[in-house]
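Can you join these two chains into the complex? Each is in its own frame, and there are hints to help.
Now for the letters of each chain:
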Amino acid sequence: MKIHLTSIFVDDQAKALRFYTEVLGFVKKHDVPVGEKDRWLTVVSPEDPEGTELLLEPAGHPAVAPYRDTLVNDGIPLAQFAVDDVRAEYERLRGLGVRFTQEPLEMGPVTTAVFDDTCGNLIQIATKPQ
Amino acid sequence: MAADLFKALADPTRRTILDELAEKSGQTLFEICSRLSMKHRLSISRQAVSQHLAVLEEAGLVETRREGRYKFHDLNTAPLRQITERWPVPDTSGPEQSIP
Numbered sequence: 001m002k003i004h005l006t007s008i009f010v011d012d013q014a015k016a017l018r019f020y021t022e023v024l025g026f027v028k029k030h031d032v033p034v035g036e037k038d039r040w041l042t043v044v045s046p047e048d049p050e051g052t053e054l055l056l057e058p059a060g061h062p063a064v065a066p067y068r069d070t071l072v073n074d075g076i077p078l079a080q081f082a083v084d085d086v087r088a089e090y091e092r093l094r095g096l097g098v099r100f101t102q103e104p105l106e107m108g109p110v111t112t113a114v115f116d117d118t119c120g121n122l123i124q125i126a127t128k129p130q
Numbered sequence: 001m002a003a004d005l006f007k008a009l010a011d012p013t014r015r016t017i018l019d020e021l022a023e024k025s026g027q028t029l030f031e032i033c034s035r036l037s038m039k040h041r042l043s044i045s046r047q048a049v050s051q052h053l054a055v056l057e058e059a060g061l062v063e064t065r066r067e068g069r070y071k072f073h074d075l076n077t078a079p080l081r082q083i084t085e086r087w088p089v090p091d092t093s094g095p096e097q098s099i100p
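Taken in sequence, the protein lines are chains A and B.
Heads up: the first sequence begins at 1 in UniProt numbering, then just goes up one per residue.
Heads up: the second sequence begins at 1 in UniProt numbering, then just goes up one per residue.
It is worth saying that the hints were derived from the structure and are not from the lab.
Yeah, the Cβ is synthetic: ideal placement off N, Cα and C, and Gly gets one too.
One or more of the hints may lead you astray.
To be verified - Residues from chain A that face chain B, not an exhaustive set, calculated with beta carbons under 7 Å: (1) Asp-38; (2) Thr-52; (3) Val-72; (4) Val-98; (5) Gly-108; (6) Thr-111.
In isolation and in its complexed conformation, chain B is listed as follows (with noise of 0.2 Å):
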C-alpha cells in the first residue's frame, strides 16, 4: 500500500497535481489541464493527465466524484499518514522551539 503513496509522490507533476488540488479541491480534468499549462507551463496531455490522476487515486490521495454530469478530484491527503506513522515527526510545537 505504502508502494503506491512512494510512487504516486515521486513524480513532479503529480505533486504539482496536488498542489493544485490542496489550492482548490473538486477540480474537473479540464481545469487541472488548463492549471497545468497556464500556471507551471506544463505541456501535457489531457491523456496524460488522466494517466497521472489514476495514480494519484489509485494511492489513495485523490478521490473522485460525480455530481450530475459532471466529475470532480478531490484531494486526500489522509494516506500521508502512513509516512508520519512509519517515521514518526517529533513534536516541534513545544515552547522553546516557538522562541526565534
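Looking at chain A on its own, in the form it has when it is part of the complex (with noise of 0.2 Å):
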C-alpha cells in the first residue's frame, strides 16, 4: 500500500489552483467538474510527476470551518511539504507575500518553517529527512 493521494479542504479551488501552482510551484494533474461548480482538482510536485498527488477539495461542508479555524488558531499545520532548504524556501515565499506563523526553525535534524495557504490551512515546510 501506498499514499497515491491526500486531500486539503480549500475555500476557493480557482484561487487554490493559483497559489499552489503559481506561488508554491506544483503543477495541475488532474482538473475533472464534479457537480454544479466543484472540480475535482488535483497537483503534484514538478519533481514527482507521478507521486502522491494533493487533491484541493472544496471546503463547504459544515465540519470544516470548525475544524480548520481551530487548528489554525493554534498555529498545527495541516499538511507537510518537503524542501531542500527550508530557509531559502522561506525567504522566495515571503518575497511573493506569503504570511508565515513559524519562521524557519532548527530543531536538531529538521528545519521546519509554517505558512498560512490563503485558502484557509496552515502549511509546514522541513527538509527532507536524510
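Right under this line is the structure:
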C-alpha cells in the first residue's frame, strides 16, 4: 500500500489552484468537473509528476470551518511539504507575500517553518529527512 | 499576586517555555509544542502545554494576542520585578566588581 492521494480543504478552488501552482510551484494533474461548480482538482510536484497527488477539495461541508479554524488558531499545519532548504524557501515565499506563522526553526536534524496557504490552511515545510 | 508568580516559576516545563519565548517571542501553540518536543525531548501533550500556558498567563508572564486567525504567545518579564522589589538585588555594576 502507498499513499497515492491526500487532500486539503480549500475555500475557493480557483484561488487555491493559483496559489498552489503559481506561488508554491506545483503543477495541475487532474481537473474534472464534479457537480455544479466543484472540481476534482489535483496538483503534483514537478519533481515527481507520478507521485502523490494533492486534492484541493472544496471546504463547503459545515464540519470543515470549525475544524480548520481551531487548528489555525493554535498554529497547527494540515500538511507538510518537503523542500531542500527551508530558509531559502522561506525567503522566496515571503518575497511573494506569503504570511508565515512560524519562521524557520532548527530543531536537531530538521528545520521547519509554517505558512498560511491563503485558502484556509496552515502548511509546514520541512527539510527532507536524510 | 506573587503566589501565582512563584507557582508559575516552580515548574521546570514552564521555565523551559519561558526560555523558548525569551529566545523568540510571538509563538503559536504549535511552535511551542514543537520546541518542547524536538529541542528539549519533552513528551508532553498539547493539552498539557495549553494548561502550562494558562498558568503562565495567569501569573502575567505570558501574554497572548490575536492576529487575524492566529493566536501568538509573548513573554512578559515585568512581573519578575516584584521579586527584586521584595528582595532587592545589589547593584553589581560598580567599577570594583567589574574587575575580574
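Evaluation of the provided hints:
The closest approach between the C-beta of A/Asp-38 and any C-beta of chain B is roughly 24 Å, which is over the 7 Å cut-off, so the hint fails. With a cut of 7 Å, the hint placing A/Thr-52 at the interface with chain B is violated, because the nearest CB-to-CB distance is about 23 Å. Hint on A/Val-72 holds. Least Cβ distance to chain B is approximately 5 Å, under the 7 Å limit. About 14 Å separates the beta-carbon of A/Val-98 from the nearest beta-carbon of chain B, more than 7 Å, and the hint is not met.
Residue-level restraint check for A/Gly-108 holds (minimum Cβ-Cβ distance to chain B is 6 Å; threshold 7 Å). The restraint placing A/Thr-111 at the interface with chain B is violated, with a minimum CB-CB distance near 10 Å, outside the 7 Å limit.
This entry does not satisfy hints 1, 2, 4 and 6, going by the numbered hints stated previously.
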